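Chemist: The residues making up each chain are set out below.
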Amino acid sequence: MPHPSTAQDSHAAPLRLADASDADAAAEEAEAGQARFDELIAEDSRIEPRDWMPADYRKSLARQISQHAHSEIIGMQPEGNWITRAPSLKRKAILMAKVQDEAGHGLYLYSAAETLGTARETFYDQLYTGRAKYSSIFNYPARTWADIGAIGWLVDGAAITNQVPLCRASYGPYGRAMVRVCKEESFHQRQGWEILHTLSHGTAEQHRMAQDAVDRFYGPALQMFGPPDTDSPNSQQSMAWNIKRFTNDELRQRFVDMIVPQAEALGLTLPDPELAWNEERGHYDFGELDWDEFFAVLKGQGPLSSQRLEHYRRARDEGAWVREAAAAYARRQAAAEPIGA
Amino acid sequence: MSFASHDSATRQSQGEAITAEEVAASGAVADEDAARYALILGDDALMLAQRLSAWISRAPELEEDVALGNIALDLLGHARFLLTYAGTAWHRTEDDLAYFRDEEEFRSCRLVEQENGDFGRTIARQLIVSIFQHEVYSRLVHSTDETLAAIADKALKEVAYHQDHAIQWTLRLGLGTEESARRLQAGLDELWASVEELFIDVDPIPRLASVAVAPSTLREPTMARLGEIIEQAGLRVPEVGGSFGADRSGRFSEHRGHILAEMQVLARRHPGATW
Ligand SMILES: [Fe+2]
Ligand SMILES: [Fe+2]
Numbered sequence: 001m002p003h004p005s006t007a008q009d010s011h012a013a014p015l016r017l018a019d020a021s022d023a024d025a026a027a028e029e030a031e032a033g034q035a036r037f038d039e040l041i042a043e044d045s046r047i048e049p050r051d052w053m054p055a056d057y058r059k060s061l062a063r064q065i066s067q068h069a070h071s072e073i074i075g076m077q078p079e080g081n082w083i084t085r086a087p088s089l090k091r092k093a094i095l096m097a098k099v100q101d102e103a104g105h106g107l108y109l110y111s112a113a114e115t116l117g118t119a120r121e122t123f124y125d126q127l128y129t130g131r132a133k134y135s136s137i138f139n140y141p142a143r144t145w146a147d148i149g150a151i152g153w154l155v156d157g158a159a160i161t162n163q164v165p166l167c168r169a170s171y172g173p174y175g176r177a178m179v180r181v182c183k184e185e186s187f188h189q190r191q192g193w194e195i196l197h198t199l200s201h202g203t204a205e206q207h208r209m210a211q212d213a214v215d216r217f218y219g220p221a222l223q224m225f226g227p228p229d230t231d232s233p234n235s236q237q238s239m240a241w242n243i244k245r246f247t248n249d250e251l252r253q254r255f256v257d258m259i260v261p262q263a264e265a266l267g268l269t270l271p272d273p274e275l276a277w278n279e280e281r282g283h284y285d286f287g288e289l290d291w292d293e294f295f296a297v298l299k300g301q302g303p304l305s306s307q308r309l310e311h312y313r314r315a316r317d318e319g320a321w322v323r324e325a326a327a328a329y330a331r332r333q334a335a336a337e338p339i340g341a
Numbered sequence: 001m002s003f004a005s006h007d008s009a010t011r012q013s014q015g016e017a018i019t020a021e022e023v024a025a026s027g028a029v030a031d032e033d034a035a036r037y038a039l040i041l042g043d044d045a046l047m048l049a050q051r052l053s054a055w056i057s058r059a060p061e062l063e064e065d066v067a068l069g070n071i072a073l074d075l076l077g078h079a080r081f082l083l084t085y086a087g088t089a090w091h092r093t094e095d096d097l098a099y100f101r102d103e104e105e106f107r108s109c110r111l112v113e114q115e116n117g118d119f120g121r122t123i124a125r126q127l128i129v130s131i132f133q134h135e136v137y138s139r140l141v142h143s144t145d146e147t148l149a150a151i152a153d154k155a156l157k158e159v160a161y162h163q164d165h166a167i168q169w170t171l172r173l174g175l176g177t178e179e180s181a182r183r184l185q186a187g188l189d190e191l192w193a194s195v196e197e198l199f200i201d202v203d204p205i206p207r208l209a210s211v212a213v214a215p216s217t218l219r220e221p222t223m224a225r226l227g228e229i230i231e232q233a234g235l236r237v238p239e240v241g242g243s244f245g246a247d248r249s250g251r252f253s254e255h256r257g258h259i260l261a262e263m264q265v266l267a268r269r270h271p272g273a274t275w
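Chains as they are written, first to last, in the numbering used here: chain Y, 1 to 341; chain U, 1 to 275.
These are calculated hints, taken from the structure and not from any lab test. Computed from a predicted model, the values in this text were never measured in an experiment. A couple of the hints might just be wrong.
Per the computed footprint, the stretches of chain U lying under chain Y, defined by three or more beta-carbons under 8 Å from a beta-carbon of chain Y, are [unchecked claim]:
{"no.": "1", "stretch": "49-57"}
{"no.": "2", "stretch": "66-75"}
{"no.": "3", "stretch": "167-178"}
{"no.": "4", "stretch": "199-205"}
{"no.": "5", "stretch": "262-275"}
Covered stretches of chain Y (chain U as the covering partner; in silico rule of three or more C-beta atoms under 8 Å from a C-beta of chain U) [as the list claims (entries may be wrong)]:
{"no.": "6", "stretch": "48-58"}
{"no.": "7", "stretch": "70-82"}
{"no.": "8", "stretch": "86-98"}
{"no.": "9", "stretch": "201-214"}
{"no.": "10", "stretch": "240-247"}
No residue lacks a Cβ here, since even glycine has one placed at the ideal position from N, Cα and C.
Please model the complete structure; the sequences and the hints are all you need to start from.
Modeler: See the structure below:
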């Protein structure tokens with residue numbers, strides 16, 4: 001073979017020599033790849049890791065999936081804050097299982113993101129150095145036990161609303177990860193609702209605790225769908241690629257329509273005086289959210305932004321010697337193994 | 001559907017879930033001595049679950065957040081059915097026993113109450129406790145107390161996984177780097193004085209010949225197994241005698257009060273409330 005063999009050359013004509021013809025071949029291949037990609041998107045089929053895909057598609061997905069993974073990981077902190085103090089052993093077990101599920105979600109998602117050609121370590125590093133984003137809601141504190149209920153009901157609830165359509169995302173590994181994740185998220189939401197229901201129907205103090213938690217988490221939960229459509233520049237492209245299926249505002253509306261009757265069943269109110277059924281639209285109207293706060297939190301000014309990141313960094317730092325030891329041990333084991341065994 | 005049987009793709013333990021509710025529904029009533037024995041086992045499981053759960057979101061690897069979470073969850077499950085069973089003797093629920101007993105009423109050993117320390121120390125504690133518990137439950141399956149035997153049967157499968165996890169990490173750390181070997185050895189050295197308490201036949205165990213597993217009979221097999229693994233990992237079995245006060249009374253532990261203060265704070269602020 002005239003040049004070092006790569007996957008692309010292996011089926012190329014053996015007599016091709018100059019760089020120019022290599023470039024031509026690459027261009028030709030990109031063109032064919034793009035055509036095939038467009039075709040798959042048009043017929044709403046799946047793109048798989050080995051398929052050709054536009055660089056922007058790859059980059060945008062890697063960002064979205066890794067951000068999603070980071071959110072699962074940072075999201076373990078507010079709820080983890082209550083594991084040791086859960087007020088009954090059964091609730092403790094449910095909470096522990098939930099937080100552990102979130103770690104599992106992080107694992108699937110990092111694995112899905114890795115199929116796009118970036119090593120997991122790189123994603124970890126992006127989070128560690130504060131360059132990566134994650135869902136802003138986790139920068140709010142879980143101060144009371146009722147917050148565990150509100151997080152399950154509203155935060156996992158918003159996550160499901162967002163993620164159910166992602167089960168059909170055009171990128172195969174992402175869609176499949178979402179299917180597994182959604183199953184568990186709906187369980188989490190129901191558990192959160194049950195916590196609030198018990199508190200709401202418990203003592204006067206418990207009821208107050210539940211209402212206070214809902215009052216604090218309602219706004220940030222609605223903001224989990226991202227900025228208003230008029231302010232969300234990347235949404236159109238993501239929809240054209242069949243990653244996103246509904247706009248931020250559509251999903252937010254869907255979520256509000258879902259939680260209003262659930263709040264009534266809980267015996268709790270939602271902190272929005274403008275919330276009202278609109279017969280004409282067949283949806284609930286709701287008031288303007290505090291977008292200044294949203295963008296400030298997004299920029300790192302959340303009440304607990306630095307605490308969350310510091311917690312993550314400390315765990316990585318303190319675990320470094322363990323990871324080194326595991327790697328050294330694995331190398332030694334591999335070296336000791338006879339070839340071909 | 002019970003919470004424990006929910007379809008989680010991250011759950012790793014092989015043990016089938018047995019729930020406290022099942023123990024309560026079985027109608028079995030523990031006699032006083034069996035109940036006090038169940039508290040010994042249950043309190044060890046509860047305290048260790050409480051300690052291990054603090055690792056979640058702080059583990060060296062995401063996989064370890066999942067693994068330590070699994071182990072903590074299994075132990076909490078064991079605590080729940082053991083305390084539920086114990087409570088049948090006194091008309092008390094698992095939560096009455098977990099949240100409304102005071103320090104001196106718990107029967108946990110000091111080893112499980114020790115602070116997590118670094119990962120090396122946590123693994124040292126896991127190694128000792130999981131090997132000991134495996135010895136206990138593999139014999140308790142033959143207990144003449146049917147409920148304890150059934151609980152042991154379920155717990156055994158899970159504890160086998162805990163043991164496996166601890167042994168794997170003991171080898172990795174012991175044979176990994178100089179630093180990891182040093183840290184694990186330090187963990188073993190620090191904890192070793194608390195090991196002896198595991199093997200004391202505290203009251204009411206001497207009266208429970210066919211019901212309980214006498215811890216004194218487990219000293220030899222537990223130490224032999226521990227010695228074998230520690231040696232395999234290239235480390236030393238510490239030469240430290242057991243510390244005074246090995247009676248599970250809590251009179252000789254400073255940690256127990258802190259663990260309970262944290263664990264019980266919310267429940268005690270709302271006595272009689274439902275959660
Ligand atoms: Fe999740
Ligand atoms: Fe969740």
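Chemist: Hint by hint, which ones does the structure fall short of?
Modeler: Failing hints, ascending: 4, 6 and 10.
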